[in-house]
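Asker: Following the hints, position chain B against chain A.
The primary structure of each chain is shown beneath.
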Amino acid sequence: MSMVTTYLSWALLVLGGFLCVSGSVGLLRFPDFFTRMHAASVTDTLATGMILVGLMLQAPTWIVFGKLVMILVFVLLTSPTAGHALAKAALHSGLKPLLPGKGGKIDADPRPSAGGV
Amino acid sequence: MKIQTLSLTLLLIIFWLLNSGLFKPLIFILGAFSVVLVLFISSRMKVIDEESQPLHLTKNIPAYYAWLLKELVMSNIKVVSTIWQGHLQLQPALTTIKMDHLSDMGKVIYANSISLTPGTVTTDVTENSITVHALDKSSITDIQSGAMEARVRKLDN
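Protein chains in written order, with my numbering: chain A, 1 to 117; chain B, 1 to 157.
The following block holds chain A by itself, in its conformation from the complex:
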């Protein structure tokens, strides 16, 4: 029992860590504010969720477990609200999202000024 939960917990923690890194890489690679926000929301949702569930499996008492559940609920309720506020504020203050033409794609890779975050 404890062996299985330990392995499961570590699998979730490692996967959550990988998703956190993915979110950061996306944040650096994507071309504009709005697309970068989508990358950040990976970190907000599944990465945080997996790390917290992984920690819940190792919780020594029900109090700790309950606190972790409260953190998860809080993050899942506030992160979309904050994301919406950010996107709306950006649009209303005149930031235009980068959009492709009809049927075209944005070739975002060969960036002229790489690394400027």
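Hints were generated in silico from the structure; no laboratory data involved. Be aware that one or more of the hints could be misleading.
[To be verified] Interface residues of chain B toward chain A, partial, derived using beta-carbon atoms under 10 Å:
1) S75
2) N76
3) A93
4) N112
5) G119
6) A134
7) L135
8) K137
Note that the Cβ used here is the ideal one computed from N, Cα and C, for glycine as well.
Answerer: What follows is chain B alone, placed relative to chain A:
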């Protein structure tokens, strides 16, 4: 006493006990005092109602959460594979999508669910439409198919 008052009281007691984790008489007295104080302030502010305590959703919300979790995992996989793809080619889109006959609570749940799933974010909500920015055009088509809207409407009834 309204059912909302009762649920808020229970919620506050659980919240206090979980956060303190100490089961001593002094802490209990302080907790009871805090709960009563919060209840008094909330009732004076007239915020104890169906909006702050949407108890009518309790019956249908577990099924919706299960479905949303599945969607969440799917869209996370999609965005992460976009992030790691060798040559980055994106088709972002900003579109206004019609929606009809959702209650205020339904609109909030709908817009928040769209923002919560990676790859889509709601930028504006009006009386009968939402504006969505998506990392890929296909996500817009998925929302336009109305699967999520139908789920939210079912949740509300």
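Asker: Against this structure, judge whether each hint is valid.
Answerer: Right, here's what the structure says about each hint:
1. S75: holds (9 Å)
2. N76: N76/B check passes; min Cβ-Cβ to chain A is 4 Å, inside 10 Å.
3. A93: holds (7 Å)
4. N112: holds (5 Å)
5. G119: Holds: closest Cβ of chain A sits about 5 Å from G119/B, inside 10 Å.
6. A134: holds (8 Å)
7. L135: Holds, about 4 Å.
8. K137: Holds - the Cβ of K137/B comes within 10 Å of chain A, reaching about 9 Å at its closest.
Hint compliance for this structure: every hint is met.
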